[in-house]
Amino acid sequence: MSKVVDAYNAGQGKDDGVDVELTLLSRQDTFSKEAALMASKSSDVDIYFTASYNIGQFAPSLEPLTDIDTSAYFPVAAEGLTYEDELYALPLDVSNHFLLYRKDLVDALLSDPAAQAEYETVSESVLGEKRAPKDPAEWDLDDFKVAAAYFSKSENPDSPTEYGTILQAKNLLYNTMIWNDVLWGYGGNWEEDGQAALTSDAAKKAVELYADIYENGWTSPDSAQAEFPETQAALQSGDTAFAIQWSAAFAALNDPAQSPDVAGKIAIAPVPGGKTHVHALAVSLNKYSENKAAAKKFLSFLASTDAMTQYAEAGGIPPMPEVLEAQAAVNPAFAQVSKTIDENGFSEPVFPQTFQAYSKLAEDLSGAWVGQTDVDDALETANANLQELLG
Amino acid sequence: MPSTVVERPRSTATERRKRTTAALILSLPLILFAAVFVIYPLASGALTAFQSSTLLDQSNEPNGIDNFISLFRSDGFAKAAGFTVGFSAVVVVIEMVLGFALALLMNRAFPGKKLFFTLLLLPIMVAPALLGVMFRLLLNGDIGALPALLDSVGLSVSLFSPDSVIPLLVVLDVLQWTPFTFLIIYAGLQSFPKELLEASAMDGAGYVRSLTSVIVPVLKPVLFAAFFLRAIDAIRTFDVIYVLTAGGPGTSTTTLSIYIYKTAFESGDFGKAAAAALVVLVCLIPFVPFIVRRISSTGMEAKK
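Line order of the protein sequences matches chains A and B.
Letter by letter, the first sequence follows residues 4 to 394 of the numbering used here.
Letter by letter, the second sequence follows residues 56 to 359 of the numbering used here.
Because the hints were derived from the structure by calculation, they are not lab data.
Quick reminder that beta carbons are idealized off the backbone N, C-alpha and C, glycines included.
Any given hint could be a false lead.
Said to hold, decoys possible - Heads up, incomplete: computed chain B residues facing chain A, CB under 7 Å, no partners named:
| # | residue |
| --- | --- |
| 1 | Phe88 |
| 2 | Leu111 |
| 3 | Gly196 |
| 4 | Ser216 |
| 5 | Thr300 |
| 6 | Gly302 |
| 7 | Ser322 |
| 8 | Gly323 |
Only chain B is shown next, with the shape it has when bound in the complex (with noise of 0.2 Å):
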């Protein structure tokens, strides 16, 4: 029996024309949107980045690479990318794993299932800066209700002490972001296929061969999606820190954000501040095509 084609007319120029014309007015208000909200400020803190602008000198002359050459002089900069660096690495995986086991936990029946649920998502409901306040309240070493309720029991903790202080803040950390990477994992987990599951288990896998074998590999770009959105927020990483040490003692606690912020509006140094956000912003860019290639191709492996 002879198949039947059916064979689309072929467009026109006239109406290839049309289609593109129709595409870029549909597209307009997104180009619009990113170009006063994301292009214009981009290249605006770019050209600031290579003027003297501050407070007291507002000439906004071009000053070449002085403000390069001032940023990588002082040894601030080099230390805030260190602690930002360290803490994040450090967070992120602490956040990943626990993210992982509470999205593997939550993806089974229990009883108060739903009250857990609520109480998990609660932190990120809540403003960082907001956040910060109210640990600042709560961990407060006369009036705060967790030293009260430590000391009731026979320990004494010093919370904001120079040697507790950098573990509080992977602490809070994770209490607040952990959240965001069970939400991420446990959305993978509930479109997870569970033929396959049922396969593993009538070929006799136990369950961490399951998850090894399984449910790891499946969920690779959900894990990598989650990996990747942590770990550019926690490069931001600026309001609890802030909040609670401004990062301090010292410049122990300091993270880029914080030195951007420092530079800007405490020494009134734009375009010092501007250079370190144009340096941190070069050094990230090369790790946005390999994570999204990264995405993309296990996501193709997923789906063979």
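Bound-form chain A, shown alone (with noise of 0.2 Å):
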């Protein structure tokens, strides 16, 4: 975002006769002190770093954007921002999720007869069928079950890594967005008809695949507290054979100064079950700012293509489709990112307490996730405690 900024004020901004500052700190620190800022009614700041999962709670706080085109952003990051049928910020960087998988050991197997036949018996004795390897682009959530556990060292002695998988089973409502990707992709959903639906079958069956793959150690016992790093460590350590992970992810991954054992070897898939999470990190005017005018003038240029064209040249994942294709050869996945989004991605409730909901769904659920607490009880809590932040 820096290199925008800079370019904006090298350039247009002057134009403009604006001047950006900008003020980076970690992602949950920017929120917080946000949170402070709006509470206090300051205009501090005349611009806000949002996003499509706390948009319903600030909004509060926020100018509704009416003059911005969207058609040009992928129609599920804008409707993530949009609460009350008006826009409350412009989309600036689309995350969703994909499996990121060991290509190598995959093609292994794949090749391999005896390999493949040993993922059998595996199979027979996790999911009481026998079901043959396949291409990743083609599991369903009891493949990645199966895998996961043929890849593990406590199933099979023979697993050429440790752990078949991590899971991001952090206390952390970034991790609720990955466990909703399997509660999806076994047909599940937050709420029906307004009321909680956390109590139904597909919910259990996400609680008990994570909670079935902890319990077996086929992921580290360290996935109790992983979330984005750790998930990276694991993939980059060679210890681990694939994982769903943040699109962000994937380019560090393949880089060889910065995954000097995998780089290469690490490829793309959807997420098992076929559904991924879909946010859009996004840009708000401070309902309080006392530089609207100059405020609105940088936002214009942040939603022109170019600005995207720039962004994405300096390591973001913009949310334009024709962005993304333009600029395949500056990241491997964004080709992916772009088909992934447009067949499998979904855009989360948006209420005002969506932001709580991650949290609280996180605190409730992430016990079960590891075994520690019981599954149904879990959910039951759970699903009081959306119940309530449903209104």
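Taking the hints as your guide, dock the two standalone chains into a single complex.
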């Protein structure tokens, strides 16, 4: 983002008579600081960093963006930033999930009859039925489970990796987003007709998948405290064969400087189950800003394909399919991001308490994900808390 | 021989007034500082506890004791309080014992003492949040140095698994804060009257007897001060635990500070968070005069 701001200040900003200053904090610190500023109706900041998951909560402190043409964005990105029929934020960066896997290991499995036979034996033990190994692009969540077992030394002593996968099971709202892929993949949802729906069979299966993988040692025991960096570390070290991970992770895993042990061996596939959470990181106009006209000029610049091209070149993932496709050389994941969001992306419910719901679900379910609390009890609690938040 | 008593002339009312005025003027910076940085935030926080103050409802309308009712109805606050008290009790006791032992050790001369002293103090020089990030890297099962070291000697330990995460947090807290108790107790030992030890030695007391009958009683005020300061700090624990576990799995490692932070900045419920902070403050206040009195009285006893 700082590169885009520098480019604006050096170019169009001079014509607009606007100079943008950027304050960068960590994601959590940014939202905490913004919450404090919003609570005090501060005008210190003209533009807030926001995201799909907190737009409902932040909306009372934001100015709706009425003049933005959203046709160039992924519809799901713009929808996620729309609250009560008003667009409250300009999409800046799109985030979704993929299955990142060791292509060399999967290829070896698919080309070795002995390994395939072993895989089928593991499958029978895990699922009660024989399943042949498949290309990860065709996996459902049962294939995910069997492969997690097959690539774990606890189940298969000949496994080339210590663990099949790594679960992001820390009590963190961003981990709820990843678990949601599993929930949606099993056909579940947070709510049906305004009523919390976390006591469904799909929700139970989704928690049980995590708990089974954790309790059987098909993921590192440390995954109880894992999130994005730990997942990267597990894949980079070569200890783990695959993981559901954020799209932003792919480039680093195939960069020989950052991931010397696995670069060139990591491939990308849709999340098993066929669903990926999509949210957009965004920027919004502070309702109490004293420089709204100037801020709008900068926001208009950010909404242009030129600005988003600069953003892509600087390492971001802009939410414009046209830009992603044109910049495929910058990041090999761009084409997959575009296709997957279009075909598999789901935008989660937007309501005033969405942000709290993510946090509460992480709090209520993270113990069950790692077998520390009973699955049914955890889901009952989560359902009751979600119902309260849905109102 | 008649004694000579020099009587100070009695100060006049004008002089007393002048002294009072001078005292007030000299105290003014401190009073202003306290008003701006202590009294105002405290009063504002207390007021917020009785208001509806959320990101969705910024009306700040008074809502009586609704925030407190909501607080006590949620089991999160009680769980966080339970964990905080248990965690604090365990770490403070261990840190006091280790701090005292290290202070006794360092009170003697031995080769490499200066280097050991420096190394011992290093953990309290590092910001707790930074230490949390450092531990997150050092203890990571895939890329961390410590698990690799343990693995090389045949010990495969998962430090972040639910069974080991609470003991791990205790160890990390002890590692970081034992130097603090050590430093206070060591300062006390440095000013310890050596004649007392010489006298007890002449009376034939051994080291253990001297320790229990002379050193500990004389150091009581220092030990209380170290205990009190550390206990207050332990109850406020946030950084390392938040960075490593974010209060989980579930809420098993959620401290009161993490609960208050999440209530305010994740749930956006500033009124409820302020109510929780006020409850913690009110629960702690009664201990302050007791401990101050205890420190003062043991100080007096020591002087006797």
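Results for each hint:
no. : hint   : in the structure
1   : Phe88  : 22 Å, violated
2   : Leu111 : 5 Å, holds
3   : Gly196 : 4 Å, holds
4   : Ser216 : 4 Å, holds
5   : Thr300 : 6 Å, holds
6   : Gly302 : 6 Å, holds
7   : Ser322 : 5 Å, holds
8   : Gly323 : 5 Å, holds
Checked against the numbered hints given earlier, this structure breaks only hint 1.
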